[in-house]
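We have chain A; now place chain B with the ligand onto it with these hints.
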Amino acid sequence: MARTRARRVVVVGGGVAGLAAALELCRAGVPVDVLCATSLRRSHVEGSPAGLNAALGDGDSPREHAADALRVGQYLASQARVLALALAAPELVRVVERLGVPLHRRADGSLLLRRLPGSTKPRTAFAGAATGLELVHALDAELARHELEPATDARGAKLPGEPLARRFEHWDLCELVLDGDGACVGCVAQDLHTMDVRAFRAEAVVLAESGPSLARGSASGVPSAEHALAVALRAGAVAQNLELQAFHATALRGPDRQHVLSELTLAEGARLWVPLDRKERRAPEDVPEREREHLGSPGELGMAATARALVRAFAEGRGIFDPEREVLEPLAWLDLEVHKRDAAELELRLGASFETYRALGPRPRTRAGQETLPYRGALKVGVAPGRCLGGLWIDFATRADGAADPASPRNHATTLAGLYAAGPVACSPHGAGALPGDELVGDFFGGRLAARAAAAYRAGSTRSAADQPSSTFEAPESAARAACEKLREREGDGEGSPYAIADELAQAMDAGCGPLCDDAELAALEATLAALAERLEATGCPDRASRANQAVPFMRHLGGALDVARLAAAGARARAESRGVHYKPATPTRDDAGWLRSTLGRLGASGPELVRAFASPFAERVTDAVDTSLVAPEPGPAAEPAVRVAAPDEAPRPAKKKKRAAKPADEEPSDG
Amino acid sequence: MAERRGSDKVRVRVLRQDAFDRKDTRRWEEFEVARGERATVLSALRAIQRAPRTVDGRAVAPVAWETPCLEHACGVCTMLVNGVVGQACTSLLDVVAPKGRVSLAPLGKFPLVRDLWVDRQRMTDDVKRVRAFVGYDGATDALRESPAAQAERLLLASCTSCGACLEACPQYHQNGAYVGAAAINQARLVGLHEGGALDRGARLDALMGDGGIASCGKAQNCVEVCPQGIPLTESLGSVARDTSKRLLFGWLLGARR
Ligand code: SF4
Numbered sequence: 001m002a003r004t005r006a007r008r009v010v011v012v013g014g015g016v017a018g019l020a021a022a023l024e025l026c027r028a029g030v031p032v033d034v035l036c037a038t039s040l041r042r043s044h045v046e047g048s049p050a051g052l053n054a055a056l057g058d059g060d061s062p063r064e065h066a067a068d069a070l071r072v073g074q075y076l077a078s079q080a081r082v083l084a085l086a087l088a089a090p091e092l093v094r095v096v097e098r099l100g101v102p103l104h105r106r107a108d109g110s111l112l113l114r115r116l117p118g119s120t121k122p123r124t125a126f127a128g129a130a131t132g133l134e135l136v137h138a139l140d141a142e143l144a145r146h147e148l149e150p151a152t153d154a155r156g157a158k159l160p161g162e163p164l165a166r167r168f169e170h171w172d173l174c175e176l177v178l179d180g181d182g183a184c185v186g187c188v189a190q191d192l193h194t195m196d197v198r199a200f201r202a203e204a205v206v207l208a209e210s211g212p213s214l215a216r217g218s219a220s221g222v223p224s225a226e227h228a229l230a231v232a233l234r235a236g237a238v239a240q241n242l243e244l245q246a247f248h249a250t251a252l253r254g255p256d257r258q259h260v261l262s263e264l265t266l267a268e269g270a271r272l273w274v275p276l277d278r279k280e281r282r283a284p285e286d287v288p289e290r291e292r293e294h295l296g297s298p299g300e301l302g303m304a305a306t307a308r309a310l311v312r313a314f315a316e317g318r319g320i321f322d323p324e325r326e327v328l329e330p331l332a333w334l335d336l337e338v339h340k341r342d343a344a345e346l347e348l349r350l351g352a353s354f355e356t357y358r359a360l361g362p363r364p365r366t367r368a369g370q371e372t373l374p375y376r377g378a379l380k381v382g383v384a385p386g387r388c389l390g391g392l393w394i395d396f397a398t399r400a401d402g403a404a405d406p407a408s409p410r411n412h413a414t415t416l417a418g419l420y421a422a423g424p425v426a427c428s429p430h431g432a433g434a435l436p437g438d439e440l441v442g443d444f445f446g447g448r449l450a451a452r453a454a455a456a457y458r459a460g461s462t463r464s465a466a467d468q469p470s471s472t473f474e475a476p477e478s479a480a481r482a483a484c485e486k487l488r489e490r491e492g493d494g495e496g497s498p499y500a501i502a503d504e505l506a507q508a509m510d511a512g513c514g515p516l517c518d519d520a521e522l523a524a525l526e527a528t529l530a531a532l533a534e535r536l537e538a539t540g541c542p543d544r545a546s547r548a549n550q551a552v553p554f555m556r557h558l559g560g561a562l563d564v565a566r567l568a569a570a571g572a573r574a575r576a577e578s579r580g581v582h583y584k585p586a587t588p589t590r591d592d593a594g595w596l597r598s599t600l601g602r603l604g605a606s607g608p609e610l611v612r613a614f615a616s617p618f619a620e621r622v623t624d625a626v627d628t629s630l631v632a633p634e635p636g637p638a639a640e641p642a643v644r645v646a647a648p649d650e651a652p653r654p655a656k657k658k659k660r661a662a663k664p665a666d667e668e669p670s671d672g
Numbered sequence: 001m002a003e004r005r006g007s008d009k010v011r012v013r014v015l016r017q018d019a020f021d022r023k024d025t026r027r028w029e030e031f032e033v034a035r036g037e038r039a040t041v042l043s044a045l046r047a048i049q050r051a052p053r054t055v056d057g058r059a060v061a062p063v064a065w066e067t068p069c070l071e072h073a074c075g076v077c078t079m080l081v082n083g084v085v086g087q088a089c090t091s092l093l094d095v096v097a098p099k100g101r102v103s104l105a106p107l108g109k110f111p112l113v114r115d116l117w118v119d120r121q122r123m124t125d126d127v128k129r130v131r132a133f134v135g136y137d138g139a140t141d142a143l144r145e146s147p148a149a150q151a152e153r154l155l156l157a158s159c160t161s162c163g164a165c166l167e168a169c170p171q172y173h174q175n176g177a178y179v180g181a182a183a184i185n186q187a188r189l190v191g192l193h194e195g196g197a198l199d200r201g202a203r204l205d206a207l208m209g210d211g212g213i214a215s216c217g218k219a220q221n222c223v224e225v226c227p228q229g230i231p232l233t234e235s236l237g238s239v240a241r242d243t244s245k246r247l248l249f250g251w252l253l254g255a256r257r
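As given, the protein sequences belong to chains A and B, one line each in that order. Quick note, the first sequence lines up with residues 1 to 672 if you use our numbering. Quick note, the second sequence lines up with residues 1 to 257 if you use our numbering.
So here's chain A without its partners, still in its complex pose (with noise of 0.2 Å):
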């Protein structure tokens, strides 16, 4: 076990929410452990190229912010928890301000701010294109320093030799430790470097882990994925909203994963289209404008209609023809035609971006073959899966008045007392889509809100994890270390590795719960996942190492991403309706009279179930109901176009003199 004297709160996961709750914890003399898979700086799944928004801008205001943002949550946002994030935003970017990450500035050296996709106003705050990386980099430095510090104890008196945090890097969770009553008194992790494992004893424990990404084969390098919201559901947590699932339309196919390049070429004047003829073997400069069909901008709801756009197209037969194979791909063509702007401004606010494009991508050509900067050629994107909207169910305090109470244990409390949960392993706030440049704000907001309801629910509890018996922690240590050697000894019958699973995994997601789900694919998919479940049980282990083994933590993390997943199709075959993000063909509008709720799932004694209401330590019945009660919903978009399945021969259709169909250079820029 891990020794401390302190009373320890632990913080899993070393991204935003993870570190910003560390700080918090820190901040209040709170004693912190801080348990990361990888090391701490480099626990972001993404860059967060977007930013953070905030209502700073002239004539905005948090009102309006929260209205933009639960327009583009289809009304299923927790507006309680939206409307308090936008009034936080502003105070929330002076803080990343003054922690020292680089926020671009106007000429008189105030905050420049960009207007994103959905947003009326510009109101996000940025850092180049890689905004979240950067408040990793600077919270990790603040980390640093709290170790240098001492802890105290309950009086105040310095504890020679605890420093007031402590990391845990490279070390992965495997169990949360509960005591007699189901509270949560700390964890049992794994360090993956010498394979020892060992019960933390904790106050409180924070998850801050990522969201759904081994289950939708977005970052299947990611060692730790989304196994604390895994390890969570196993102990009897409940999660909501996992069919929410955001797709990013803008996905450049690298050799070893797919590059998102973000809303932000899109912000910034690109457009998406494909050729009309399926078979067009020209170079995209040359097709001309009214043989191209233009996907769209991101427009109101962001990214999810653009990505459902490009699938529908592929579907109708269009695409981009690639012509050494003969096949028509998935793909579209991304303009990056903006010569009247600076070139020299659009590398500082897309330079990051590219980096890797640069470094691996076909550069795009001109027509006399020369590459050229990324800006001004067209790039081949398709879809890949963004984050997922849903999470752990975690609870919120209002006071009388409906503001937020940011002094309650309540805040982010999973349904097992004593367990926290922020950023993506946590349901976000935003419902069924969200503004890009919330979700940054919104991690870092709600790990420093997570952080001090774990703190209010340590001072105010009556136990602490100290007065529990060494036997609490024993059990489950030497569980999980049994567990972790029998994973690792563990002979298969020679059918496929856990990585062809991953891989199959993925695949299937893809296949069946992709921008446009129908029920009998989920209905198969489910059927795929409990069958490539089963296969886990029986795969060998292909390492036997007694260290860094990480063949043992991958497979312990895929059997997580396996329920996840399970949960997630559960969910979206259930959602009968389309709403933000998610989008059914046979049901395409929204549904507020059956619909205007919440899913709910858990891992039942027979495997994923949803529910519709359960208990919570905080209250005695929660439901799926959702509330409306700030701002009522207005009616949602109109069906989206249905797939018109054309013959393989059908001529292309000649179209029709259009509106440019994106206008975002005109959105822009009012913060030049």
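There's no promise every hint is true.
As the list claims (entries may be wrong) - Calculated lysine to aspartate or glutamate pairs in the EDC-like style (CA-CA distance at most 16 Å, straight line): (1) B/K109 x B/D125; (2) A/K158 x A/D108; (3) A/K380 x A/E329; (4) A/K584 x A/E537; (5) B/K128 x A/E149; (6) B/K128 x A/E147.
To be verified - Listed below are several chain B residues computed to face chain A (Cβ distance under 10 Å; list not exhaustive): (7) E66; (8) V76; (9) L80; (10) V81; (11) N82; (12) V84; (13) R114; (14) Q121; (15) G138; (16) A139; (17) Q150; (18) L189; (19) E194.
FYI, nobody ran anything at the bench for these hints, they're computed from the structure. We put the beta carbon where it would ideally sit given N, CA and C, even for glycine.
Same frame as chain A, but now just chain B with the ligand:
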């Protein structure tokens, strides 16, 4: 076509070792992987992970390496590719193995975890040593900064702690005192920020101490290898100037601090 590209197979030689204290297990193993379109060293390692069998047909343990992001953002897949520092995720096989052969070895200046996986813990320790943190004090009032100053900080802040600069530095050693270019660059970055300017004295003192700026031998290798293009020699020079100023006038400032 296949001939012009060399071969469609690539032989990957990997320097392996089971654990940091198992020098006896140090060995080269050779694998063969397909040269896919735009395949990288990372693609090769993933192929080996899926079917870990050497060219002489032995089934072996998968090669261990650290790879969280797969897209040139995190810096941890930095290793020696043909003896030169490089990142697995951006090293195209067509570039590093034009003749169908490539060798991979772990960085040599960090404690080995296993195979190509090294422990960069020391980089965090050195950030603490030179006190390269802002020391956020809870203030929430707005800051002002010129776009030029912001652009400068943004570039310095793009360090991923990949360790390439340390690997290439003749003065930096695993058990030596010198903190190296990355930590010194971080210290300069913090000093350029209004909040960080507050703790300046303590930071400069730390940088003037053992293993600080005076250990830099001005070989300039760091700036050549930094994948982020950070002007490291500029950072080293700037910190050197600040520390000499403090050496000369520090007693004056010391009276006030
Ligand atoms: S300064 Fe450059 S080379 Fe050195 S660790 Fe940072 S990114 Fe790597």
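Hints versus structure:
1. Simply put, B/K109 and B/D125 have alpha-carbon atoms about 15 Å apart, close enough for the 16 Å limit, and the pair holds.
2. Straight-line distance between C-alpha atoms of A/K158 and A/D108 comes to about 46 Å, which puts the hinted pair past the 16 Å bound.
3. Restraint check: the Cα-Cα separation between A/K380 and A/E329 comes to about 10 Å, which is no more than 16 Å; the hinted pair holds.
4. This hinted pair does not check out: A/K584 and A/E537 have alpha carbons roughly 33 Å apart, beyond 16 Å.
5. For the hint linking B/K128 to A/E149, the alpha-carbon distance of about 11 Å falls within 16 Å, and the restraint holds.
6. Among the hinted pairs, B/K128 with A/E147 is consistent with the structure: their alpha-carbon atoms are about 9 Å apart, no more than 16 Å.
7. For B/E66, the suggested interface contact is upheld, since its CB lies about 8 Å from the closest CB of chain A, less than 10 Å.
8. With a least beta-carbon distance of about 6 Å to chain A, the hint placing B/V76 at the interface is held under the 10 Å criterion.
9. Annotation: interface hint on B/L80 violated; nearest CB of chain A at approximately 18 Å, more than 10 Å.
10. Nearest Cβ of chain A to the Cβ of B/V81: about 13 Å, over the 10 Å cut. The hint is violated.
11. Below 10 Å, beta-carbon pairs count as interface contacts, and B/N82 has none with chain A, the closest being about 17 Å; its hint is therefore violated.
12. The beta carbon of B/V84 comes no nearer than 16 Å to any beta carbon in chain A, farther than 10 Å, and the hint placing it at the interface is violated.
13. Using the Cβ-Cβ criterion of 10 Å, the hint placing B/R114 at the interface with chain A is satisfied: the shortest such distance is roughly 4 Å.
14. Taking 10 Å as the C-beta cut-off, the interface hint given for B/Q121 holds, the closest approach to chain A being about 7 Å.
15. Evaluation of the B/G138 hint against chain A yields a held restraint, the C-beta minimum of about 7 Å falling below 10 Å.
16. Hint on B/A139 holds. Least Cβ distance to chain A is approximately 6 Å, under the 10 Å limit.
17. Given hint, B/Q150 at the interface with chain A, holds; its Cβ is 5 Å from that chain's nearest Cβ, closer than 10 Å.
18. Given the 10 Å rule on beta carbons, the hint for B/L189 holds: about 8 Å separates it from the nearest Cβ of chain A.
19. Among the interface hints, the one on B/E194 holds; its C-beta lies about 8 Å from the nearest C-beta in chain A, closer than the 10 Å criterion.
The structure fails hints 2, 4, 9, 10, 11 and 12 (numbered hints given earlier, in ascending order).
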